[in-house]
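Protein chains: 4
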Amino acid sequence: MIKVGIVGASGYAGMVLTQILLEHPEVEIVWLMATENSGGKSVADLYPHLTGVADFIYLTMDEYDNVYQKVDLIFLALPHGAAMDFVPKAIAAGKKVIDLGADYRFNDNEVFKKWYGLSHADEKYIKQAIFGLPELYREKIKGANLVGNPGCYPTASILAIAPLIKNNLIDPDSIIVDAKSGISGAGRAATHKTHFCERNDGIEAYSVVNHRHMGEIEYQVSRIAGNPIHVTFVPHLVPMDRGILVTIYAKGKQMADGKQLTALFKEFYKGEKFIRIFEDKLPNTKYVAGTNYCDIAVQVNEATGQIIVLSAIDNLVKGAAGQAVQNMNIMFALPEETALKKAAIYP
Amino acid sequence: MIKVGIVGASGYAGMVLTQILLEHPEVEIVWLMATENSGGKSVADLYPHLTGVADFIYLTMDEYDNVYQKVDLIFLALPHGAAMDFVPKAIAAGKKVIDLGADYRFNDNEVFKKWYGLSHADEKYIKQAIFGLPELYREKIKGANLVGNPGCYPTASILAIAPLIKNNLIDPDSIIVDAKSGISGAGRAATHKTHFCERNDGIEAYSVVNHRHMGEIEYQVSRIAGNPIHVTFVPHLVPMDRGILVTIYAKGKQMADGKQLTALFKEFYKGEKFIRIFEDKLPNTKYVAGTNYCDIAVQVNEATGQIIVLSAIDNLVKGAAGQAVQNMNIMFALPEETALKKAAIYP
Amino acid sequence: MIKVGIVGASGYAGMVLTQILLEHPEVEIVWLMATENSGGKSVADLYPHLTGVADFIYLTMDEYDNVYQKVDLIFLALPHGAAMDFVPKAIAAGKKVIDLGADYRFNDNEVFKKWYGLSHADEKYIKQAIFGLPELYREKIKGANLVGNPGCYPTASILAIAPLIKNNLIDPDSIIVDAKSGISGAGRAATHKTHFCERNDGIEAYSVVNHRHMGEIEYQVSRIAGNPIHVTFVPHLVPMDRGILVTIYAKGKQMADGKQLTALFKEFYKGEKFIRIFEDKLPNTKYVAGTNYCDIAVQVNEATGQIIVLSAIDNLVKGAAGQAVQNMNIMFALPEETALKKAAIYP
Amino acid sequence: MIKVGIVGASGYAGMVLTQILLEHPEVEIVWLMATENSGGKSVADLYPHLTGVADFIYLTMDEYDNVYQKVDLIFLALPHGAAMDFVPKAIAAGKKVIDLGADYRFNDNEVFKKWYGLSHADEKYIKQAIFGLPELYREKIKGANLVGNPGCYPTASILAIAPLIKNNLIDPDSIIVDAKSGISGAGRAATHKTHFCERNDGIEAYSVVNHRHMGEIEYQVSRIAGNPIHVTFVPHLVPMDRGILVTIYAKGKQMADGKQLTALFKEFYKGEKFIRIFEDKLPNTKYVAGTNYCDIAVQVNEATGQIIVLSAIDNLVKGAAGQAVQNMNIMFALPEETALKKAAIYP
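Chains as they are written, first to last, in our numbering: chain A, 10 to 356; chain B, 10 to 356; chain C, 10 to 356; chain D, 10 to 356.
Just so you know, these hints were derived from the structure itself, not from any lab.
Being a predicted model, the structure only gives us computed values, none of them experimental.
The reader is advised that the hints may include incorrect statements.
Put simply, identical chains are the same to the list, so a pair is met inside one copy or across any two.
Stated by the list, open to error - Dumping the calculated DMTMM-like pairs for lysine to aspartate or glutamate here, alpha-carbon to alpha-carbon at most 20 Å: (1) 262 x 182; (2) 50 x 288; (3) 79 x 64; (4) 50 x 64; (5) 260 x 117; (6) 290 x 37; (7) 260 x 180; (8) 350 x 35; (9) 282 x 64; (10) 202 x 266; (11) 290 x 54; (12) 351 x 32; (13) 268 x 54; (14) 282 x 32; (15) 202 x 289; (16) 350 x 32; (17) 350 x 64; (18) 260 x 182; (19) 123 x 311; (20) 350 x 288; (21) 50 x 117; (22) 50 x 289; (23) 12 x 74; (24) 351 x 54; (25) 268 x 94; (26) 351 x 35; (27) 262 x 180; (28) 98 x 71; (29) 202 x 54; (30) 202 x 288.
The shape of chain A in the complex, shown without the other chains (with noise of 0.2 Å):
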């Protein structure tokens, strides 16, 4: 049995980990630690849906120094800042960490600042951690110790687009990201932002040229590129809880046809279990909601010559807790599956 704790459980991330872990048939949670006011409550206290199946109560932070010795492996989701105060001790312990946030997901602390506008507190660990892609750096996660896990919009993107600069079919300068998500992905603090009232039917963009996550996708897809590319990345906020739909627009190199580029696509992601390349239907958030799934399909603008793909995630899942689920797996070699193989609940 693989000890783990997390860090942050009380937050949407955490608690979707919490029961997927819960149903790991190889994971003891030996703790779960709440941020702010959480701690000292149980987790039906904050989630009723979780009475009779997840029996703890949540640490408070103060206490990491006391458990942190105990487990194999400490998930953080946390916002982005905190988790690099928690990681470098429990990595000098020998211990596993898997980030859900942003903190270890670049790096080059450089390009942190830059997005996230303070300077990162741990230089040493940040250059060595891995990004935790399974889908395209499964190799380097096996060995990792630190994994910091993508975040959900990146997620949903890069899956899109690495099959086209992996094959070099598209203008590089072109992509644009079109990004809609449900508003559990903006955490489950109250905020104005998140008032049924402001988002029930209706639809609005948000930090349409300066979204951190399009910091992101621009530094995975240059490293996959092998050059610096800079992307459109537009997010939207739709009525729905969980989800995130991308329409990525790139501009083809040479004329390709849906149908050969579907083929490709289902070429690249040959054997992933939780990669769906889908040829006479196209991605609903629906049918990804509570899976690890990324669902793709990809058309072609004969008269403009753009290569349309569109990819959904439920961003609680692939973008967050499953992935890291995923990561886990395979860092601790066990079927990649485990826990993870469910279909969404439809409808």
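Following the hints, complete the assembly by docking chains B, C and D onto the known chain A.
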């Protein structure tokens, strides 16, 4: 392995049933049969979320005679009046049957006729059918060949009312069931009533004095009470996919407070895996969506003497497919939770 | 032109009131005053849909003393306990006042204290305030200086109950109000309860035995009946922006069918511009959203003798701002429909 | 008084048009004609929210010949291919016509045939029809007898693109329109695509490379540019009743920042009553729901040089019925805002 077939597998209840059975370690789905024009199509054609998960082509209804003998157990998920044509043959051949429709919920043709407006074609087996509410009739279900699976509203309602009747705590003539349902309860067929724009962002009642499930609730509650009871039942359509919340009002015979009644409900359902009695929180359909739970809370308005019971289920799981599998587990002496042990996807 | 000011103009009710008054041909808005930290901001800052429509900067609450004399009529839309500090001064100066909050809905400090947990600071005017439900108290409103505008649930409920009580048709002790509200009823403040993901795609009850509006309904229904009545009232939160649907159950004293009662309701509300009695369809909150209508239907469950009244309003219009303007129109001898004659935006 | 009749009055666009015209002080609705099986029914039968507001019985389509001469102006709100059978007769008789469908949006039968798959039956008047986008073609509309009212997606898109093209600011071959629509855009007919459970709580794209409105946008944008332009257009279905948000991407020809472009848009639409250029906030479909506004914001991603324009309308108002009334007002020399001056019902 239990070999099963599903007649009416292409509707919402049939699909959810398919999905649960695919995860059941002791079940082999031998065939799926679709209503209407879905025969010949694949599961993933109708339900893209099952792409790569369910690899079946729906049979057409006229193939029934060729296949009913190939299985141990037949599930039927059909509109009322349709199952009665399929069941006798199967029972006569020694098969077990669980009917998710209304045809075998009454043991009395007269009552059936009153509420469904047609005479039952199967006078024989209607009398033998067991009402498949395990928390009340587990022993009878164990030996049953034919189970009439309860309706969705009746499941939520009867589980909430039974402890009060059995303990003689209420005036049985005073029962009022104010029910709120998600739209999947109306089925997959596209109608004006299920049009998104008619349902979104609003609420309305329907069938205020003559909903068929009122007949089912009355029939079953009368049976529990041992004498005929009339119930007031008003259903409403709520803009949500899944879930039923019933708010039940009944005049208390003697003074009892909410705490006492809560304790009584806990005692009544002691050991039940799928009943959760809430003490300091209230049921929400989101807490049970996708699960076989029935969450119940009870409170008392001390000024009026009204006992108020709140009961929430997922109409497609505990109110249909999940309960059918629970019944199957009982009929085949399997652990009752097999394939049903999951918490809600939240939020 | 009637000169008006609004205290608490930045909340949802205050904003809707602002919008209605801007379209009122006989009203000049002289000032808008915001609660909390919205003072100094523009209307369009808080409510971008009013860009180019409402050109005001909200005053802060401490400016009240400088401005209350500049108007003929003051509307207050504040949390309970706040209006009582502003009203006496205005009345004493000969101004007219309509309070959309709870402070002036009871003429009895003891009752107020019981339900609101604080003693009323304005013992004088609380006794003179007129309950602003025009369909019942039009004549008194005509001469009023101080109107306590009814709460949203009470408006929908009392209008549905009054014809039954006044005609002595029901057992007054049997009244049950099962209420369903949209989320704007919880106000504009961001709380866990108003978080999109907590409310979307689910339903739950709240304040099952102690909602403050139960007190208001009891107080007013008792007044109509001429003796004290207790009412069972259970509110629910429905995933929709606006609207209240109440489903009212009451035991009929004598046999009457739905047709007869419908005729009686039509007679009772003859000539009322904002009451629509439905005969062959049922109220839906969507039919009244954005309007001052109260749609009512009545049916009888003949087996149980329960009379069922369905009543739908927009909580922010007939349940708050619209009714306030209706009261103003009456107080100033204007046609009652002025600025209120509009049908719903549908779908 | 302008006497008008509406052919296709029973669909969503026809109903909204009816409602706006009922509030128009210079219009008398002489008759309403329904498609399909709604003839003979009353408006309130189909649309209960108009109970007591609209007192009409829908005529059937075969009564057209008896009534088209009785009015000054005929509105048609029909599926494509249907209006062409009604229009010639009316124009020949000296009536004015505004067609809300697609039949008269192109002046070229070849283009119509390409996108709609059928040859136009009215070769004569198709060439004379004026494209009813007042902000661009007001002068032509003034003298028009036959107006082809723009589609919903094209309205939002062309208004957002025109200032860029006219000022020669973008590479015209780079235009991408990522569009998000509410479900009322699919019409009132009940289909699998409009089923609540298929649309609620999820998002998906449709007609990714061949939506007919792409043809309309291309045709009109080419006309503005003076040479043929191809546009990439991908529509999505969002769980909301009303509204379209288009996010438009175009490669800037020269460096310009968001502020400069915003100023340019303000100048371009100076004096326009229904265009609101947002500076420091972003369009949201909720801000325009029920109104004739088109809200626009423009930003620049300086790293990629992409200009991003966000444009929101109500698909049934500015995207259909409201714009039709705006055109009527222009054709009849009435103030353009007549019957259209209203802000959104929010929230």
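Exercise for the section: Could you check the structure against the hints above and give me the numbers of any it violates, in ascending order? Expected result: Violated hints (numbers, rising): 5, 6, 10, 20, 21, 25; every other hint is consistent with the structure.
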